[in-house]
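J.: The residues making up each chain are set out below.
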Amino acid sequence: MTLPDPGAWGAVLAIGAMAVATYLCRLAGVVLMSFVPLTPHVRRGLAALPGSIVVATVLPLIERLGLAAAVALLAAVGAMFVTRSELVALLTGMAMISAARLLGF
Amino acid sequence: MPLPQDAETPTAASAAPLTLQGMLLGVRKVSVLMPGIVVFAVAFGAAAAAKGMSLAQTLMMSAFVYGGVSQLVAMELWRPEWSWGAIAGLAVVTATVNARMILQGASLQPWFARYPKAINAFHLFFFTDANWLIGTRYRSEGGRDLGVLVGAGLALWIVWIVATVPGHMLGALVADPRRYGIDLVMPIFFAAMIVPLWRGSRGLVPWVVAGCVALLTAKLVDGYAFIITGSLAGAVTGAFRDDAA
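First to last, the protein sequences are chains R and B. For the first sequence, position 101 (counting from the first letter as 1) is numbered 101 according to the working numbering, and the numbering increases by one without interruption. For the second sequence, position 187 (counting from the first letter as 1) is numbered 187 according to the working numbering, and the numbering increases by one without interruption.
A hint or two may mislead.
Computed Cβ-Cβ distance ranges for the label pairs, DEER-style [stated by the list, open to error]: (1) R:Ser-85 - B:Gly-223: 31 to 39 angstroms; (2) B:Leu-170 - R:Leu-13: 41 to 49 angstroms; (3) R:Val-20 - B:Leu-20: 26 to 34 angstroms; (4) R:Leu-103 - B:Asp-222: 35 to 43 angstroms; (5) R:Ser-85 - B:Arg-202: 20 to 28 angstroms; (6) R:Gly-66 - B:Val-92: 24 to 32 angstroms; (7) R:His-41 - B:Gly-85: 24 to 32 angstroms; (8) R:Ala-8 - B:Leu-170: 42 to 50 angstroms; (9) R:Val-20 - B:Pro-17: 14 to 22 angstroms; (10) R:Ala-95 - B:Ala-118: 40 to 48 angstroms; (11) R:Leu-24 - B:Pro-116: 35 to 43 angstroms.
Which residues of chain B face chain R? A partial, calculated answer using Cβ under 8 angstroms [stated by the list, open to error]: (12) Leu-20; (13) Arg-100; (14) Ile-227.
Calculated from the structure, these hints are not laboratory results. C-beta: ideal position from N, C-alpha, C; glycine also.
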């Protein structure tokens with residue numbers, strides 16, 4: 001049996017496939033963890049998870065995006081440390097990277 | 001600094017608040033992230049217009065997929081004609097880019113577990129990076145009200161969809177998002193999160209492990225697998241460090 005070609009519905013089906021894949025990702029972690037008993041080990045692992053996700057996301061991106069991005073992110077973290085405001089951190093970081101790229105870095 | 005996730009007691013398990021005040025607090029918390037999200041959505045709208053997507057298709061993707069990075073990556077793979085293989089391939093790439101949501105959801109599961117399944121199935125549709133950052137920070141400050149996540153998620157969802165429209169229409173104006181540092185919006189939010197997540201040098205070891213494994217993975221494997229391997233390595237390290245509790 002062969003499926004008919006996606007044809008004119010291709011784009012909509014592609015969006016639908018992305019939506020299903022994304023929603024399953026959103027559910028999967030919560031559903032999986034509901035089968036895992038919260039032992040002290042699991043609890044400590046979950047406590048370490050948020051910071052680990054942040055570091056694991058940012059460090060390789062810095063490596064890929066280059067030195068200007070590293071400086072901009074450091075400036076953003078510095079601004080966050082001083083002001084505790086995500087908005088100030090964002091503005092600082094984007095101003096730094098725009099300036100650096102304007103100057104050709 | 002409080003460590004509420006560790007300090008949780010069984011007696012608190014009965015409390016599962018979801019209030020209107022919480023939702024409004026969530027809207028307030030997410031409002032500081034809005035400028036960055038708007039810029040990101042405009043960039044996506046512009047990229048979609050450049051790839052020949054109609055406004056309706058662009059809005060559909062923003063509304064139903066609602067994952068900025070995966071939507072931008074999908075624009076790299078977007079094509080005028082679709083085969084079933086190409087659609088399946090796009091779904092797999094989307095799942096890899098968004099696999100970090102599996103871990104983000106897992107990290108907040110002890111909070112969600114007290115609520116009915118239907119409520120979790122509903123608010124998880126709106127679960128995204130910004131939302132996770134807000135929820136994690138709120139929880140680490142001792143917050144319990146799930147309304148914060150629902151309010152922040154809904155507000156962000158609406159703004160994300162609406163802001164896609166000007167991007168699609170003004171496409172050419174932001175033809176090069178890199179110039180304005182738009183590719184750095186999510187990395188900046190993530191990096192800034194290190195400050196409120198900081199628990200002193202004792203919590204540093206799992207982060208260092210996470211960072212090293214992520215860097216190594218990024219060297220060896222294309223794509224976004226480094227988020228998963230690094231995060232898991234950090235969590236496992238945290239789990240088996242007996243003095244970390």
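J.: Where does the structure disagree with the numbered hints, that is, which hint numbers, in rising order?
T.: Per hint list: 2, 4, 7, 8, 9, 11 and 12 violated.
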